[in-house]
Structures are given as structure tokens and as C-alpha cells.
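Asker: I would like the entire structure built from these sequences, with the hints used as guidance.
These are the residues of each chain, in order.
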Amino acid sequence: MTAIIEMDQVQKHYTKGKLTIKALDDTTISIAEGDVLGLVGESGSGKSTFGKLLIGLEPPTGGEIRYQGAPLWKKNKYVRRKPGELQTVFQDPQSSLDPRMTIKEIIIEPLYALSKNERKQKESYDNLLKLIKRVGLKEEHLERYPHEFSGGQRQRIAIARALITEPSFIILDEPTSALDVSVQAQVLNLLKELKEERGLTYLFISHNMSVIKYMCSKVAVLYKGNIVEIGSTEQLFNNPQHPYTEILLSSLPSLFENKEKAIEGFAETAQPKGENSCIFYEKCPRRTDQCMTSPALESRGKDHFAVCHY
Amino acid sequence: MLEVKDLHVNFQTFRGTIEALKNINFSIAEKEVVGIVGESGSGKSITALTILGLLEKNADIASGEITYRGDNLLALSKKEIQTIRGKKIAMVFQEPMTALHPTMKVGEQLSEVIRRHRNVSRKEAKRLMLVALNDVHIHQPEYVAKQYPFELSGGMRQRIVIALAMAAPPDLLIADEPTTALDVTIQHEILQLMKELNEKKGTSILFITHDLGVVSQICNRTIVMYAGEVIESGETKDVLYTPQHPYTKALIEALPDGKNANVPLKAIQGEVPNLMERPIGCAFASRCSHVMETCKTNPPALAHWQNQHDVACWLERG
Amino acid sequence: MELQPQAESVQAQPVKKSALLYKLKKNKLTMVGAVILGVIILAAVFAPVLTPYNPNMIDAANKFQGPSWSHWFGTDEVGRDIFTRILYGARLSLGLGIVAILIAAGIGLVIGTISGYFGGMIDQAIMRTMDMVLAFPTLILAMALAAALGPSIQNAMIAIALVKIPVYVRLARSETLSLRESLFVKSAQTFGIRPFRIIRKHIMPNSVSPVIIQGTLDVGDAILLIATLGFLGLGAQPPAPEWGAMISIGWKYLLDFWWYPTFPCLFLFLSAGALNLIGDGVRDVLDPRSSR
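Protein chains in written order, with the UniProt record's numbering: chain R, 1 to 310; chain E, 1 to 318; chain B, 1 to 292.
Since the hints were derived computationally from the structure, they do not count as laboratory data. Check each hint, because a few of them may be wrong.
To be verified - List time: in silico DMTMM-like cross-link candidates among lysine to aspartate or glutamate, alpha-carbon distance up to 25 Å:
(1) B:Lys186 x R:Glu148
(2) B:Lys201 x R:Glu123
(3) E:Lys87 x E:Glu3
(4) R:Lys138 x E:Glu277
(5) R:Lys283 x E:Glu32
(6) R:Lys224 x E:Asp183
(7) B:Lys186 x R:Glu58
(8) R:Lys224 x E:Glu95
(9) R:Lys74 x R:Asp126
(10) E:Lys259 x R:Glu174
(11) E:Lys259 x R:Glu197
(12) B:Lys252 x B:Asp131
(13) B:Lys201 x R:Glu148
(14) R:Lys104 x R:Glu174
(15) R:Lys75 x R:Asp25
(16) B:Lys25 x R:Glu246
(17) R:Lys16 x B:Asp59
(18) R:Lys224 x E:Glu32
(19) E:Lys259 x R:Glu42
(20) E:Lys259 x R:Glu58
(21) B:Lys23 x E:Glu56
(22) E:Lys5 x E:Glu32
(23) R:Lys133 x E:Glu271
(24) E:Lys31 x E:Asp71
Unchecked claim - Where chain R lies over chain E, by a calculated footprint (3+ residues, C-beta under 8 Å):
(25) 177-189
(26) 203-214
(27) 255-263
Unchecked claim - Here are a few chain E residues that sit away from chain R, every Cβ distance over 12 Å (derived from the structure):
(28) Met1
(29) Val37
(30) Gly154
(31) Tyr241
(32) His309
Beta carbons are placed, not taken as given, at the ideal position from N, Cα and C, and that holds for glycine.
Answerer: Put into C-alpha cells, the structure is as follows:
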């Protein structure tokens with residue numbers, strides 16, 4: 001399998017006066033073609049920054065991001081070698097669809113970034129019709145406005161819009177967090193089917209571990225701008241190596257898990273943290289003195305890595 | 001302690017009347033944690049607002065009774081409601097910032113509320129304030145008391161809001177999606193905290209959420225709502241592990257939790273019906289996979305059946 | 001959040017336009033304004049049918065006639081029928097007032113959205129220029145421009161359009177600044193849509209509401225300005241039946257022939273007032289921040 005996305009020592013630091021906020025810190029990761037990489041983390045973990053760098057909303061402050069071998073950013077300028085190759089489905093379909101456009105206008109909008117010939121060919125009514133039927137919408141919906149649709153239908157519109165340019169890579173940024181459970185299931189099924197039919201690669205950003213587990217083949221756990229653990233879904237869920245991953249997994253209020261098991265939580269905040277200590281030191285329930293030096297990403301089995309001394 | 005009887009609430013809009021709540025019946029006993037689960041549009045939040053008398057002007061309580069320790073809340077004057085609200089029945093919302101004064105230090109806000117409810121001196125209020133912060137597991141109460149809300153994280157803010165709500169202390173805490181805006185690890189801590197307050201202080205909790213997982217962690221009893229009606233209710237373990245209503249069953253099936261990733265999820269087809277034109281029969285009939293002829297014309301009532309918990313479905317009556 | 005059921009079922013229905021109308025109708029003052037303005041506009045349009053006179057027909061034998069059945073509002077110093085002149089004047093005042101604001105709003109919207117979307121140096125340059133224009137009192141600037149362009153009613157209109165532009169630039173710009181951060185604009189950027197297309201397709205249609213509100217409120221103002229310039233001799237020139245020009249000549253006769261300046265003043269007041277009422281109503285409907 002070849003890598004479709006490669007990130008090499010990518011960082012994104014924001015400076016505010018004297019303060020530097022490391023939204024993403026020296027991140028190295030690659031996404032293989034056909035994979036569904038899940039990106040998990042809580043607010044402030046840098047997972048949305050990760051997405052922004054890939055889709056061209058913000059330039060990295062260091063490192064290189066390559067898409068099919070070619071750099072995506074050249075000196076703060078986002079390079080689209082083939083426009084429409086990378087698409088995004090955002091979390092909130094309420095605000096990601098322009099309220100003053102019809103569904104048809106919304107769906108064909110991405111085509112205006114393509115060359116005229118390509119646009120004409122993909123814009124054909126047959127093509128459009130086939131696409132909207134595939135995502136579960138009807139022909140008569142095309143002339144309506146977003147406010148006439150429910151959240152689930154809006155997300156289907158957003159998915160159709162992302163697919164119209166026939167991309168090979170789609171970033172799904174919390175695509176179902178704003179939806180009800182019954183509708184979430186419809187959308188997740190649709191995304192899975194589309195992936196198989198079209199041979200897509202997904203980056204699936206979410207804070208919901210059970211959605212990630214269901215959707216992804218590989219998972220990366222972000223904490224404060226750093227990947228602390230990465231591995232195949234099976235390995236990571238069955239045999240988590242990083243204490244933060246364990247806390248995340250056990251915090252999830254699941255219906256089906258044993259309620260009696262002891263749930264591990266964060267430790268009380270411990271301040272004394274040297275320049276080089278582990279980023280999780282402050283809250284780690286298993287910290288020791290060794291953690292005053294930063295651990296490196298180490299292999300923990302086949303395709304499984306974690307940043308922890310233990 | 002609190003009993004809701006035959007509650008009907010309508011909303012008047014210029015397009016017509018929306019039947020937001022229809023025939024709601026439930027009760028909350030002392031020291032009990034009751035969960036109301038439902039998706040958007042199910043009427044779970046409206047139920048909470050009705051109890052607190054916080055409905056918008058265009059809402060019309062068509063019929064029903066809400067009795068709190070013998071008093072019908074719906075018959076009380078505004079002033080009487082206000083003495084109950086906050087003091088006896090308190091509320092925690094999803095977004096903590098809405099409940100906090102943005103330009104007042106959190107300690108001051110908390111002392112003020114304590115003074116209002118308990119008639120104590122300034123000094124005593126301050127002491128109680130620090131105790132209250134400690135009760136919601138804020139480790140450096142003196143320090144946090146001097147912060148403004150914007151300086152705190154979402155989880156910390158929600159703790160402060162809970163401390164405010166517990167100031168009186170109330171008999172009943174109504175929590176409307178209190179953890180939805182929070183990270184899972186923080187959600188877990190807040191749930192633990194609420195459970196502890198319930199156990200230590202004996203405060204009853206009405207917990208409103210869309211998350212079945214949350215319900216399973218904290219609630220003794222669970223009420224499932226759909227399209228403004230209660231369709232199933234009972235002990236949490238019964239409702240979640242032996243659900244009777246096809247909607248509850250389908251909702252649990254639709255969760256990705258622990259499902260085999262190679263099998264498509266069992267989604268519920270269709271959408272929630274428009275409450276302006278409520279179907280004559282069962283509101284879930286159009287989406288139900290077990291629908292029968294009678295469901296389309298006769299709405300099933302919530303009833304106890306075959307030693308099971310309460311469920312509103314014709315299937316269960318054979 | 002607490003009103004989810006409502007929001008959900010409301011969204012299920014494709015009735016946006018009737019909602020606007022419903023809200024407008026509920027506002028009684030707006031309806032009063034709309035009726036007054038409607039009557040004036042209809043009267044102006046059907047002026048030839050409503051009166052037998054020509055607005056510029058001199059009839060020296062009948063000068064300074066008081067209001068009567070043949071001359072409802074009396075006649076002026078050369079015997080022209082004042083009612084007729086007011087109706088024809090309404091065409092000038094209302095027409096030019098609206099055109100002036102359309103020009104100002106159109107130009108302001110384009111400049112404001114571009115300035116707001118791109119930011120940086122372009123934005124700085126544009127906004128400082130606008131600040132300079134705004135530093136002058138509107139009337140003084142309009143007078144200076146009208147004088148410089150030469151007194152005529154078209155030039156008065158152009159002058160008013162020019163002095164009104166900065167208001168719309170600021171409005172459109174501030175709206176653009178928030179739209180630029182909206183998710184649908186961000187997503188258009190991720191598709192690789194060119195900036196000018198984003199401005200045209202997303203920013204402009206979504207920032208047009210406040211511009212319309214401001215415009216409706218401003219038409220009354222523009223009518224007053226046109227009349228003021230006419231009054232000062234910098235706008236419409238005699239014998240054009242423009243209200244301001246009529247008042248300008250008429251006010252000298254106020255004590256002896258009260259009807260001469262009074263009726264044009266009344267109509268000026270009614271139209272400006274009606275437009276303000278409508279403007280308020282439109283704002284209440286279109287602007288979510290002002291709705292209660």
C-alpha cells in the first residue's frame with residue numbers, strides 16, 4: 001500500500017505575544033491508500049488543526065506535508081495539483097451549507113475549482129442525479145434550500161458535495177457529532193459503503209471512541225498536539241499502551257461494557273515539570289521520575305506505536 | 001416527590017399548533033436519579049422547562065398537573081414558582097456560560113447565591129462557598145474562587161454551575177444535557193460528581209440526555225421519549241437490557257458501540273414525524289419494522305404489561 | 001437548544017417568504033408606513049389621471065388661489081396647481097431618492113465585501129478613505145459635491161449617492177468579517193474556489209440583508225437631502241416641481257398664502273416618516289439581533 005498523505009515533522013505553533021501555543025508538535029504520520037485513519041483527541045488536542053493543515057485553511061509552521069509524494073504547502077501557499085482531489089465533510093452541516101444557495105448550487109460548487117472541461121463533464125445532470133440518489137436524496141430536493149432539511153439530510157448533502165469532484169481522499173471532521181443516534185447510523189453506513197464503492201481513503205476525526213472503533217482501520221491518539229499512540233484499531237482498543245488512551249477508553253460511557261470494572265481517571269495535577277518531561281506528566285496516573293525525560297515513539301507490536309516509558 | 005400527570009404542551013406558531021408534549025406521566029421519588037432519553041424533537045427539554053415554568057410565551061400548557069410535594073406547580077403564581085425554583089428545584093444546562101455572570105468572579109457569584117438561599121452572614125457565606133467548591137471537587141477553592149468564568153475550562157465551569165445549583169441545597173436537580181459539550185474524560189468526572197452528590201446529599205436528579213451510555217451510568221430509572229410522548233419507562237437495567245419498545249430496541253441497535261465493523265449498523269429509517277400533523281396512530285408507526293394495522297390508527301397507551309416495565313406499544317399486548 | 005422540537009418541525013417546511021410577510025404584517029406601524037407610502041406612490045404614478053393640470057402650466061389669472069375644489073392645495077405665484085406639482089414632485093423625490101440609495105448601496109456592498117474579505121493593505125486604504133468621507137457632516141459634503149458638480153437634480157442625486165457610500169462599505173465590511181469565518185465560506189475555500197467567486201456567491205448574498213435594512217431607512221433621508229439641496233438651490237432648478245425647490249420659494253409666502261409651503265412640507269414629512277416606519281419593520285424582520 002502506498003501512502004497518500006505523509007506528514008513529516010509537521011508543526012503548527014501559534015505565537016501570541018511571548019506565548020507560543022503548540023497546536024501541533026513535530027507530527028510524523030502517513031496515511032496509506034484505502035485506509036481509514038481515525039484521529040482521536042479531546043478539545044485542544046490539535047485534531048482540528050491537523051485537518052486544517054491538510055485542507056489548506058492554515059499553513060504549517062514547520063515540517064512538510066506531502067500528498068501523493070508532492071508537497072501540499074509551498075511557502076505558506078497551498079498547492080492543489082489536482083483540485084478536488086482532497087475534500088472535507090465538516091461537523092456541522094447547519095453552518096457548512098450556505099443558507100442562500102439551493103441544494104443543486106451547493107453540491108456543484110466544488111466543480112468551479114476545476115478546469116472548464118472537467119467541470120462540464122462532471123456537472124452533467126445525469127451525474128448529479130446519480131450522485132444525490134446514491135446519498136439518499138431525491139431529485140425534487142435539488143431546488144430547495146438547506147433550512148428545509150433535517151440534520152441528517154444536510155449531512156448527506158455535504159457528502160454529495162464532497163464526492164462530486166470524485167476525490168480520492170476525504171477528511172471527515174466529526175461528521176456525525178451533531179446528529180441524532182438513529183441518523184448517525186445511517187450516515188456511518190453510507191460513508192462505509194461509499195468508501196468501498198469508490199476506493200476512498202478517509203481521515204476520520206472524532207472524539208467518539210465507539211464511532212472510531214466502528215469506522216476506522218487505524219487510529220492515532222492525539223494529546224496536546226502530540227501523537228501519543230498509533231496503531232491498528234484492534235490493537236489499540238484491545239491492548240492500549242499509553243495511559244491516556246486507557247483513560248479515554250474507560251471514560252466512554254458504553255452500554256455494553258461491564259459497569260463494575262474500576263475506571264481509571266486522571267491523576268491530580270502535578271506541576272513540577274521540567275522542560276523535557278513527558279507531555280502527559282501533569283495528569284498521568286502512572287508517572288514516575290523517569291517521566292521527567294520525554295519518551296520517544298516506540299514500537300509496541302506490529303503497526304503499533306506509543307510514546308511512553310512503560 | 002415530583003409527579004407529572006397527563007401533561008400536554010402545545011406551541012403556537014404562525015404555521016399552526018405544534019403538539020410538543022402529549023400525555024406525559026412520570027414521577028421522581030426521593031433520592032432517585034431519573035433519566036429522560038430521547039433524540040432532538042422528542043420533547044425531553046420541553047419537559048424540563050415546563051417543570052421549572054421556563055417555557056417561552058408561545059407555549060400553552062393545554063392540560064396536566066405537575067405536583068411537587070403536594071403543590072401543583074402549574075397553578076402557582078410567578079412569585080411562588082420563583083421561591084421554589086433555585087431553592088427547591090435547581091437546573092443545570094448544557095452550556096455553563098449561560099448560567100454564569102461573565103464579569104463576576106465565580107466565588108462572588110457563589111457566595112451571593114448562598115446568601116440569598118440561606119440567610120447567612122457574608123463571612124459565613126464565604127466559608128460555605130469554599131466548602132461548596134470543595135464539594136464539587138475543585139482542588140484549589142481559594143484560587144478558583146478568584147477566577148472569572150472565562151478563565152476556566154468547560155469542565156471547571158460546569159462544576160461551578162453545579163455548585164451554584166446545589167447552593168440551597170435543592171431537593172431536585174434538573175440537568176439538561178450537562179455533559180454534552182464536554183470531553184469524554186471530563187464528562188466522566190462530572191457524572192461521577194453528580195452521582196456522589198446524589199448519594200451524599202440525597203438530592204434527586206432528573207437527567208436529560210440523548211446519550212444512552214450516560215443514562216446507563218447514572219440513572220436508576222429511565223424514561224424514553226419519542227415525538228413528545230413517553231414510549232417506555234422502567235428501571236434503567238430493564239429498559240436498556242431488555243427493551244420492549246421497537247424504538248428503544250432500534251436506538252440501541254443503531255449505536256456503533258461494540259458492533260462488528262464489518263456489518264452495517266441497523267439504522268432507523270426515516271425521520272421523526274412533524275409534530276404539527278401528528279399521526280393518528282402510534283407516532284413511531286411510519287419507522288417501525290414491526291408495524292401492524294392497528295398501529296396506524298390507534299395510539300397505544302403507556303402500560304404495564306406481562307411483568308415487564310411500562311411500554312407504549314401494541315406488540316407487547318399480543 | 002430548549003426549543004429543538006419547534007426548530008425541527010419548522011425546518012421541515014419550505015415557507016420562508018410567507019414567514020417574512022407574516023412578521024411584517026404583525027408590525028402595525030410598518031403597515032401604516034406601507035399604506036402611506038403606497039398611496040403616495042400610486043398617486044405619483046397615476047398623476048395624469050388624478051389631476052387635469054400640467055405641473056408647469058402657468059395660469060397667471062389664478063395665482064395664489066387658496067385650497068378649493070378645483071385646486072385642492074391651492075395655486076402658487078404663477079397660478080400652477082400645487083396638488084399637481086406635489087404629485088409630479090413625488091416622482092422626482094421618491095425616484096431619485098431610491099436611485100441614489102441603490103447606487104450607494106450597490107457600490108458600498110462591492111467595496112465593503114472586497115475590503116473585508118481580503119483585509120490587509122487594501123482594506124486599510126479603503127477604510128481610511130471612508131473614514132475621511134464620514135468625518136464630514138453629510139449635508140455639508142453633499143452641498144459641496146453638488147456645488148462642484150453644478151446645480152442640477154441629477155448631480156444632487158449623484159452627490160447624495162457618493163456621501164452615502166461609506167455607510168454601506170462599513171456595513172458590508174463588518175458583515176463580511178464575520179461571514180469570512182463562517183463554515184460555509186471556509187468550506188468553499190477548501191474546495192479551491194477563487195476569492196471573487198466566493199465574494200459573489202457567498203459573501204454578497206449573505207450580507208445583503210443589513211444593507212437592505214439600512215437602505216430602506218436611508219431612502220427617507222435621501223429624499224430629505226434632495227429636498228434640502230433643492231431648497232438651497234443646489235438641486236432641482238425651477239420650474240421643476242421638486243418639493244424642496246417648491247418649499248424654497250413658498251416659505252417666503254407662508255404668512256400670506258400658508259398653503260403654498262405647507263403642503264409640500266407635509267408630503268415630505270409623510271414620505272420620509274413612512275419610509276422610516278417601513279425601514280424599522282424590515283429591520284425587525286431581517287435582523288435577528290433586533291428581534292425580541
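Asker: Kindly indicate which numbered hints from before are broken by the structure, ordering the numbers from low to high.
Answerer: 5, 9, 12, 16, 17, 18, 20, 29, 30, 31
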